[in-house]
Amino acid sequence: MQMIEMILSPLLALIIGIFFLGLSRKIMARIQWRYGPPITQPVIDVIRLFSQKSVSHGKLFNLGIIFSLAGSLVLVLFLPLAQICPLSGSGGMLVILYMMLLAPLGIALSGGESANPNTSIGISRKFILALGYEVPLLLILLALMTHYKTISIVHIVSIQQNTGWAFVSLPLLLSGIAYVLILPAILGIRPFEVVQASQEISSGPMAEYGGPFLALATIQHALSLFIGIALFVNLFLGGAGNLLIFFLKMLVVFVLVLFVNAALPRLRIEQAVKYLWRWPTLLAFIGMIIVLIVRR
Amino acid sequence: MDRNQLIKWLKAPAKMGHKYSLHAVYFCTGCGIIEVPPSITARWDAERFGVLPVATPRQANLFLITGYVSVKTLRAIIRTYEQMPEPKYSVGFGSCPINGGMYWDSYNTIKHLDKYIPIDGWIAGCMPRPEAIFVAVTHLWTLIDKDMADGYKRYRDHYQAYRANQEHALGKLEWPPLFSNETKS
Amino acid sequence: MKDPLKDKLTSAFDGIQIQPADRNQISITANKESILSVLSLLKSNGYNHLALISCVDWIEEKRFELVYILSAYMEKDKHFTDMEKTNIILKTSIYREKPQFISAIPIFENAEPYEREIHELYGIHFEGHPRLTPLFLEREYKTPPFRKDFDTRKYVSDVFDPIPFVGKKADKR
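Protein chains in written order, with this note's numbering: chain A, 894 to 1189; chain B, -17 to 167; chain C, -17 to 155.
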């Protein structure tokens, strides 16, 4: 049973992630009064990219992108998708925290090998942005762990199934709001699209990727979209009893985030970090103190 | 998607992928770049054809040269074209890359671009309207269907001749040859 | 233009001609020996911005005409004065055979790219210029291409037209 789940869970994540990519292009087009591409456009792109040949810049260039994709795929195994959670017994949120850094690390290793200046700027921005959102994320997760007295994400979901969503329970409200504020940064979309800013640093770490490498990077991007939203749904919107409701919850969150993406321009990296370390961190900190007081 | 399309997809998925996912690198050489923003934004929306502007030549497979080509830009054009992964399609936009246009007797402008890199299609006019880009894209689809958009193959087959022409126009080239000597002619 | 400046110019330099060229434009024609001192006098009298240096090839009269366009920076929190509206067009002629001239860099430092461009396109050598290297052109030309005796059609038919077409297209023609 666990073996089937091990295969099923990344597969579902891939399908939902690629669907989200297509949906995002279509919805962005409709917001901008365009007709937009067909919703299968990312699949066509990935097929085209896999059929092309690309130059390689060395062994680490090839390995890094695979490393990044593998990190994302393993991370999916630790996330409960409705009832499917192959590695529920081990790890918990601490493992998720560590694994979330694997994907940027792989991209950084791979891009650093190509020695393109735009790539190095993109990588440094990626890590600075990660530094920006990891601080409030850590505080939020601490508040959650303290409130539910467990580090297992499956337990958190099952407690929320009985007692109601964490997002609307009063002691965790501030933490939830802080998570909403950093969600665009975790997903890497506007206003925090500093890493892949194609207009200023020609798509940053992706600048030297072509052909299969770009296809893998696209799949990794889809997976990271899935992970960011699934984590939010699990931690604050109570997970779900079956896959359909889980998917619907993710869809609602994703579309709301897309509206933010369509409405706001891109921040500079220092503005982004200043913002991330001010309001979300403050809210998360106050939220954690409230949790500690309520618990006593 | 009708039945014929589905059969084509099952028969040759790679070809259909190249057809419907043309990521374009626009080379802003001249006045033609004015026509590109309306064609990719809300007025004409190139994305519904699968044409998406990308930032680097590594990710692209459609090369749109918009406007006149001076000798100095020819150097950049050749480097960009050689960096794109195969299969790649190039389209000359406007009358200047075709035969010089109004710069036909200029001391510093390249007259026929297809002497230096292979071109799969031309869009004539000075300037062509943005609709012409979409007409060109649909023509390119039929060319790809019939395997007639073979500019990258011609470049590989006649690389020595192309390289000689490039050196004739630019003097010594500072980058090594893309293909080694054993390819024919 | 202020009258005192006109008096100063006419009294200091021989053979200087001053006439209004257009609305808010004054044309000054000076000898080539006195051009640097005219420039520094104009600069010290308020025309402190060198907008452009250009060149005209008068092939029948066998001379190059160098044109310096000067204007004045507007001072902050002030309305336009007459002087700030005015452009000065300072002209001088040099011989067309082996053209040489003095660089204006000691007076206006931003003359550097303009002189470099004129050297490249007209072949005028500026003494005292730190680097007269090519700025725009990619190819080398025997006659500088902006001179009137440079035959562009002949150049194109000599250089670009013999380059052959490649592949099937070459067989058709």
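Calculated directly from the structure, the hints in this document are not laboratory data. Please note that a few of the clues may not be correct.
Stated by the list, open to error - Under 10 Å between C-beta atoms, here's a sample of chain B residues computed to sit facing chain C:
1) K(-7)
2) K93
3) D96
4) T124
5) Y134
6) P158
7) S162
As the list claims (entries may be wrong) - With a Cα cut of at most 27 Å, we get these calculated DSSO-like pairs of lysine-lysine:
8) B:K(-3) <-> A:K1167
9) C:K73 <-> C:K136
10) B:K54 <-> C:K136
11) C:K14 <-> C:K(-12)
12) C:K(-10) <-> C:K44
13) C:K73 <-> C:K(-12)
14) A:K946 <-> B:K135
15) B:K(-10) <-> A:K919
16) C:K44 <-> C:K67
17) B:K128 <-> A:K952
18) B:K(-3) <-> A:K919
19) B:K135 <-> A:K919
20) C:K58 <-> C:K14
Note that beta-carbon positions come from the ideal geometry of N, C-alpha and C, so glycine has one too.
Hints and how they fare:
1. K(-7): K(-7) (chain B) check fails; min Cβ-Cβ to chain C is 28 Å, beyond 10 Å.
2. K93: 5 Å, holds
3. D96: 7 Å, holds
4. T124: Where the cut-off is 10 Å and the nearest Cβ of chain C is about 19 Å from T124 (chain B), the hint is violated.
5. Y134: 12 Å, violated
6. P158: 20 Å, violated
7. S162: 18 Å, violated
8. B:K(-3) <-> A:K1167: Judged against 27 Å, a Cα distance of about 47 Å means the pair is violated.
9. C:K73 <-> C:K136: 32 Å, violated
10. B:K54 <-> C:K136: Within the cut-off at roughly 21 Å; holds.
11. C:K14 <-> C:K(-12): Cα-Cα ~19 Å, so holds.
12. C:K(-10) <-> C:K44: Between K(-10) (chain C) and K44 (chain C) the Cα gap is close to 31 Å, so the pair fails against 27 Å, i.e. violated.
13. C:K73 <-> C:K(-12): 16 Å, holds
14. A:K946 <-> B:K135: 14 Å, holds
15. B:K(-10) <-> A:K919: With a Cα-Cα distance of about 25 Å, the restraint between K(-10) (chain B) and K919 (chain A) holds, given a limit of 27 Å.
16. C:K44 <-> C:K67: 34 Å, violated
17. B:K128 <-> A:K952: 37 Å, violated
18. B:K(-3) <-> A:K919: Status holds; Cα separation ~24 Å.
19. B:K135 <-> A:K919: 35 Å, violated
20. C:K58 <-> C:K14: 35 Å, violated
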